[in-house]
Amino acid sequence: MGFEFVHLAEFAWFKMEPQEGRFDFNWLDRVVSLCTKYHLKVLLCTPSATTPTWMRVNYPETFVMDGHYIRAENGTRGLESMVNPKFRGYVQRIVAEMAKRYGQNSNVMGWQIDNEPGAVSDYSPSSQEAFRTWLKNKYKTIDALNTAWGAAFWSQWFNNFDQVIIPNTNLVGWWGNNPHALLDFKRYSADAQAEFLDLQAGTLRNYISKSQFVTTNYTAVCTGSDPNRTTKLDFAAYTAYPNGGSDNIGESGFRLGNSDVVLFASEYYKSVGGISGVLEIQPGPVNWGSYNPLLLPGTVRLWLYHSFAAGGKIACSYRFRQILYGAEQYHAGVIQTDGVTPSQGGKDYMQFMKEITELRKQFTPGAKMPAKLAARSTALLWNVENYWSIDRQKQTGQWNTWDYPVKFLKTARALGAPVDVIQETADLSKYKLLIVPAYEMADSALVKKWTDYVAKGGNLVVTCRTATKDRRGYFWEGETAMPISNLIGAHISQTDMLSSYGKGDILMNSNHYSWHSWADLLVPDNTTGVLATYNNQFYKGKAAVVKHRIGKGSVTYIGVDTDDSKLEKDLLRQIYKDAGATTEDYPPGVFVYWRNGFYTALNYSSENYAVNVPDNAKVLIGEKILKPSGVLVWTE
Amino acid sequence: MGFEFVHLAEFAWFKMEPQEGRFDFNWLDRVVSLCTKYHLKVLLCTPSATTPTWMRVNYPETFVMDGHYIRAENGTRGLESMVNPKFRGYVQRIVAEMAKRYGQNSNVMGWQIDNEPGAVSDYSPSSQEAFRTWLKNKYKTIDALNTAWGAAFWSQWFNNFDQVIIPNTNLVGWWGNNPHALLDFKRYSADAQAEFLDLQAGTLRNYISKSQFVTTNYTAVCTGSDPNRTTKLDFAAYTAYPNGGSDNIGESGFRLGNSDVVLFASEYYKSVGGISGVLEIQPGPVNWGSYNPLLLPGTVRLWLYHSFAAGGKIACSYRFRQILYGAEQYHAGVIQTDGVTPSQGGKDYMQFMKEITELRKQFTPGAKMPAKLAARSTALLWNVENYWSIDRQKQTGQWNTWDYPVKFLKTARALGAPVDVIQETADLSKYKLLIVPAYEMADSALVKKWTDYVAKGGNLVVTCRTATKDRRGYFWEGETAMPISNLIGAHISQTDMLSSYGKGDILMNSNHYSWHSWADLLVPDNTTGVLATYNNQFYKGKAAVVKHRIGKGSVTYIGVDTDDSKLEKDLLRQIYKDAGATTEDYPPGVFVYWRNGFYTALNYSSENYAVNVPDNAKVLIGEKILKPSGVLVWTE
Amino acid sequence: MGFEFVHLAEFAWFKMEPQEGRFDFNWLDRVVSLCTKYHLKVLLCTPSATTPTWMRVNYPETFVMDGHYIRAENGTRGLESMVNPKFRGYVQRIVAEMAKRYGQNSNVMGWQIDNEPGAVSDYSPSSQEAFRTWLKNKYKTIDALNTAWGAAFWSQWFNNFDQVIIPNTNLVGWWGNNPHALLDFKRYSADAQAEFLDLQAGTLRNYISKSQFVTTNYTAVCTGSDPNRTTKLDFAAYTAYPNGGSDNIGESGFRLGNSDVVLFASEYYKSVGGISGVLEIQPGPVNWGSYNPLLLPGTVRLWLYHSFAAGGKIACSYRFRQILYGAEQYHAGVIQTDGVTPSQGGKDYMQFMKEITELRKQFTPGAKMPAKLAARSTALLWNVENYWSIDRQKQTGQWNTWDYPVKFLKTARALGAPVDVIQETADLSKYKLLIVPAYEMADSALVKKWTDYVAKGGNLVVTCRTATKDRRGYFWEGETAMPISNLIGAHISQTDMLSSYGKGDILMNSNHYSWHSWADLLVPDNTTGVLATYNNQFYKGKAAVVKHRIGKGSVTYIGVDTDDSKLEKDLLRQIYKDAGATTEDYPPGVFVYWRNGFYTALNYSSENYAVNVPDNAKVLIGEKILKPSGVLVWTE
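Top line first, the protein sequences correspond to chains A, B and C.
Using full-length UniProt numbering, you'd call the opening residue of the first sequence number 1 and step up by one each time.
Using full-length UniProt numbering, you'd call the opening residue of the second sequence number 1 and step up by one each time.
Using full-length UniProt numbering, you'd call the opening residue of the third sequence number 1 and step up by one each time.
Looking at chain A on its own, in the form it has when it is part of the complex:
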């Protein structure tokens, strides 16, 4: 079929350690040697996401407890208490055994640790203890914790660390928990997850060859783990399940899947180790969608090209053969249940492998990003801590915490901009535009970094909810978003929100835009320009978007979240234009990427799209009229 490697042993702990302390690798030796014989590299997985039955029977304390203090059981995935010392010991032992056996095998190219690490909330005694230790390390004194958590509120004050327990949202309404404690519980959980991954990575590195890489496979939309907290992995990879029964774009959208999945994940996970890749792409209908339609033929290939175009270094299917039994028996494979016939997804893979082999021949190292693209090079600042903080206190059901920043990624991409998702530590100098969407928690150092970026000529877009809190989740003792008022040249006097039926009207350049989720009422400073105003409600005429110049650059503050992102798109277009860059206007679901000299156009929409390819371009794959699920690759 053209595959170059296989992905093995992910959930096979019981096969490698059928009884406590008794190891059996004969079966795996045989598989690895068959792979070697047939020139298939091997990506080995550590098996820590599913524990054998003997672990549950002998050491029930190695499982998480949920918020009702009910202990999990084995038989499914990812419900182990990662902070339990006994569990960590057993994990280290099996990982060491695997590493000793395969760490020097030149056919083993690398390791995946665990599976879709999700930083699951764990209320077990092991986790209570670990949380207290984490807090002691962070705060040193109990009064520091009391202050950081605002523990004076509702008599929550602690006399010592031993009194602390995990804040449990299951025992009171969502409104009744301490948000700072919850934020720290999220941080602790993400740290515990990262520590667990690093523990395994460290164990592996004691034994494995330097030529073997170490990674893990986060879910594409990952709101529990923070991939940036690990220190011992070579890079972060992801899994991609774009089609689980959602409508998406146009009449074929339910077959083509959600285009946000690879779009976001491919950029986000690059922010960890510089490169990324996809370790699972669904090869057809799955077992867990609200409904599970057939994919339009070519859809799997579309996703694979999307991952490639966005810089992916590795791609893998899940799974090879549709399994005859088990919870995932309805999950498609690249091979059907008979064990020999490729599925439609399998055919897509085969075509992709054939084509990518051809593309490799066309590859010229050292290609530089074309000037037209570099001129609109854009960064989107992301910190999962803001997701944790906002999503706990959305203040309106209209607010979609994950979609909100992603809409800026989509909008910039629709204008033809290359967009990196970056972390706070990133070098900003190479970006023409920096988007900071709903970046709730900030501090003065960060605001200074943004200000410096602008002063040196950068174009900054800051949006509502940004810098409204400090890193503890406190409001400022001052006006709303106090640290950025000088930066944006305006003051946020009040914030409004409407019901799902509400219709807010905005006016900008004689165009009307609608909103109902979030609206900051802005009072601009004298030197600040007003780009858009509210056009109804009792505060008609108040500013909604303002523009402020600092040094050589500009800051645009967008105080409103519009229903269809049109205002945001018109603003970004103008900013690119003002910065001397041209823009494109790709319809929803059409993406054009440039990577290492290759242009790739992708079509997740339900309509044909005529790609604007220069006459002198060399089309390598596909046709200029891009059909739904179509891919076009060319060089210029």
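Quick caveat, the hints were computed from the structure, so don't treat them as lab data.
Predicted, not measured: the structure shown is a model, and the values here were computed from it.
It is possible that some hints are incorrect.
One copy or two, it doesn't matter: identical chains are merged, so the pair holds either way.
[Unchecked claim] Below 20 Å or equal to it, Euclidean Cα-Cα: the simulated SDA-like pairs (lysine to any residue) are:
1. K624 / P297
2. K394 / L428
3. K394 / I323
4. K540 / P297
5. K503 / E607
6. K503 / G244
7. K15 / F153
8. K540 / Y501
9. K15 / F161
10. K540 / S606
11. K540 / G250
12. K15 / Q163
13. K503 / D247
14. K394 / S290
15. K503 / S606
16. K618 / S106
17. K503 / G250
18. K15 / N146
19. K394 / W288
20. K618 / E355
21. K15 / I94
22. K394 / G245
With chain A fixed as given, assemble chains B and C onto it according to the hints.
Okay, now just chains B and C, sitting in the frame of chain A:
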């Protein structure tokens, strides 16, 4: 009021055994002797569905635990741990005491065991132990269990039976449990229920006269118990609550109730002991409906006639007098709260009793089914295990696991066919048509039985999802539904499903039909005819329904589940026609039955219906223009 | 800002008792002395609604358990087991300490006990024990309890009180619990709450000056507690949060809030101690609404005037300054996060305080209610026990247990009537009209009181569901609502209900009205008039509303609950007219009150309203064209 028997002692354990081991039957003696005096037969019930408070206090372990391992309490119904040895002992003792006292009483006509036995899921230690014992008996070796459960998946492998626990869907998402283990848990639960009923039946039979029958009262829609698993009951009866606040057919439908209830139950429970009957029919509004409207006058009589027409041997109301207190105080009785005035439902009963007494006089034994009806005699194959298996893995929210087979029962009835619901062991030779709807689990012996039936001239209708799995719930190592591909003369290449907004189009004989739930794409063999094709989506032109001839008979495979059953109805009509039978065209809610020489027409619709009665027919009850809730009985 | 008092120490237990038995009031001394210095009175709160962490650590048994027997934790509000003796001891000690220190401080004007006491359901061992004790006190013998609970049903009979446990609706479906036991659990819970408040009031009164008042702050809509069960409080106050993200009236309704909140609470809590007031009014958006919009400027002032107009003696905001941290950080204050700038709500307060100071100058003691208003003086009979009973067994999802009686309050107010919400013990003689809406549980003494009221010239409106049960929740052994059949001069033959799609039609004086929730079919006595009849359904022509004359008065029975209350409004208007009173016709959301010589008009609607003020009236506040959120105060 015309009643001929009463139904006693159902929930009266505490009255018969007010303290542990102290029995008091004086009150019941008095009731039974009053009944005898007034020529009312007695149907006695065993009280095992509600336990006295002393049982909860002294033996809390006799109650079930839910999936959160919380112990049930007494005070409601049916939450006892039927496999708990202590509970079984107490049940045997009270049943023996009752049997000794009334088993030879000639006024006691029979016994109802328990109440609405539902095979409730029980996660208590008693049930964990019983489940392990059940598995040992079934599998003998742990490796056999491991194989049957596909325990290699997600490291679920067991080293011995002591390690097995009940698969608990409450601790993980619905997608995360082993379907084979869940299927066995359903089987175990149904076996435990059957065993519990048989235990009581056996105890009764130690003492009672052969003239007393033994039965139980399953709910009409019963998806937990499997009535065919008992061996010691004379027959299976049911309870009927057609009106609990649903819309049903037309503007009066919410008063007339759901016509599927008696329709299905009356046929289904006959499949156990050859006869059936209804032990509870609601006599008016109940206490538990989403709303509880008045019944259209005559509705209770309609339901009684429905049960009679479908072959019912016994009918009983629940309850006699509307109770002044308790959880069911709003549940109507045939007598109102004052204790003397018949309710509207009570008047319906009185009229029915008067009329049935008249009909008895018209009864001539030995009537043979008219040839016209016999020519379209139909069987619908049912196995509750398929419900268990499919409902766990529906693959689309559009699929309604219970309604799907029932729609074929309704459709055949609307064409005028007498329809038996049958089990796999039934003799097929007397049926012109055999319908096998979504019969997921099959084996070669069963497929051979179907093939033989067809070869000898039978007309078989097989539908989507049939034979897609073996009895363990495994897919076949081969193509989808491998065992029936020769039978249906086609191959299922893929399966599609649409969202609730989706509109699939089918073409058959220039007629269009719509679907959105399930669609098998069929590849017919050379000798197989295509009856209907998909008319949109990317696979337009693929076969949706095929017809294959084997020997003297035919097999029609219906790969699609249409929105309004019109395609299915048009197909069945043609099959009857091809088999030389005539058909009727009754509108939804109108049913015509023939039983022992009597024709009965029933109207659950909101419109008048003119029944086509031959001129020479003798109308015994009602008028030819059948009003909503109306009944017409005649002989020809 | 004009404030005259502050509200202190509500949740500050840990600050006053930072470690078990170690008290620290220095900080509070300082606050109180600052208040004294700046002429601010102090309302002190007991801190029992939030316990310090040391209580959770040392005495976990002082917390409630939920219906899954999971123990609550500290850190939120109101989850203490109020019946736990240890908890009561600690509460008494802290309250005594506070009372000793501030009970004679002349700047402390009064005490608020606890916070929003809600009679939370508690399934802890402490509560199980207390419930048994409560039952023993009520029933004396176990047989009395068995009878009252109808324990014969489903074998619930108890041999002794030790066998009784709290009825747990979490372990069975809602339909499966004993309604009489649940009713007693509600009564017990309300008694426990009242006892807990009285315990604190008693402790306070051991130390405090007679000039200090004692109250508590119930939620405005309070369905758990029964404020009439306390005996030691001076009066009952409430908290008012009219705006939590609901649509309300017209396009600005989502900003103006729900007008029912102050409307109902201000009358209801007066029924306890003769006076009432509001101890918390939201000063802007809150943290817990489904969305949290800006209030229309003036809205807080509107609510304050509403409370004033309805007789309020005290009003307080919650909270002063928007807090920077904690679960309520998004909850507006009268001062913004900077600690100095008044919010819009703060400005509203300031304006109100300025205006009320002016109004005080206009106050003339001894004003008598104008005759026009006295002529339509109305009482609405309320007993929260009916809420408990009906809401458990609504019989239809269309029935809204709280809204139903409130609609009569609104309707009478819209006709210009002053309406008192009263308890059974109230003197009825001063009311021209007494409304008894869905008063489910009654006895002969109460019915006699109603009858006497009518005989002496009163006009009684009785509605559906009234007197259908005795005080135990039993139906009568007789016809529906037996005790009132002579009173209303009619018999309720049956009760109907429709689905949410249903449309019932009523005819009265050639006008049509629609219903779908509840309909009693009435059979009037010979001397009883029929005012309205059902105009569709199978019982077309049956009476829906009847009028019966007794002595000098009249009884109108309204058997139907109409969709928009128009029938009810037309009926009330006619009754006032027949009683010689004039009526007004205020649109929804417009209220006009008379209090101590002042007329106040309030506008919660989204339209301007021209208030009909006599030419000779003296307008004190506002304008005659009342804008949304507008207030008009005048004297005549």
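Exercise. Between K394 and G245, at a C-alpha cutoff of 20 Å, which is it: within one copy, between copies, both, or neither?
Worked result: between (26 Å within a copy, 13 Å between copies)
Exercise. Is it within, between, both or neither when you check K540 against S606 at 20 Å Cα-Cα?
Worked result: For K540 and S606, only the inter-copy Cα distance (17 Å) is at most 20 Å; the intra-copy one is 39 Å.
Exercise. Should K394 paired with L428 be assigned to within, between, both, or neither, using CA atoms and 20 Å as the limit?
Worked result: neither (29 Å within a copy, 50 Å between copies)
Exercise. Between copies, within a copy, both or neither: which fits K503 and G250 at Cα up to 20 Å?
Worked result: between (25 Å within a copy, 14 Å between copies)
Problem set entry | Intra/inter-copy verdict for K15 and F153 if alpha-carbon distance must be at most 20 Å | Result: close only across copies, 10 Å inter versus 52 Å intra.
Exercise. Using 20 Å as the alpha-carbon threshold, which applies to K394 and I323: within, between, both, or neither?
Worked result: Answer is between: at 17 Å across copies they meet the 20 Å cutoff, but 41 Å inside does not.
For this session: With 20 Å as the alpha-carbon cut-off, assign the pair K15 and N146 to within, between, both or neither.
Result: Close across copies (13 Å), not inside one copy (48 Å); limit 20 Å.
For this session: Can you give me the call for K618 and E355, within, between, both or neither, at a CA distance of at most 20 Å?
Result: within (15 Å within a copy, 80 Å between copies)
Exercise. For the identical chains here, do K503 and E607 meet the 20 Å Cα criterion within one copy, between copies, both, or neither?
Worked result: between (30 Å within a copy, 19 Å between copies)
Exercise. Under a CA distance limit of 20 Å, which applies to K540 and Y501: within one copy, between copies, both, or neither?
Worked result: within (19 Å within a copy, 39 Å between copies)
Exercise. How would you label the pair K540, P297 (within, between, both, or neither) given a Cα cut-off of 20 Å?
Worked result: Between copies, since 14 Å is at most 20 Å while 51 Å is not.
For this session: Evaluate K503 and G244 at a C-alpha cut-off of 20 Å and name the case that applies: within, between, both or neither.
Result: Between copies only: 18 Å across, 31 Å inside.
Of the numbered hints given earlier, the model fails hints 2, 16; all others are met.
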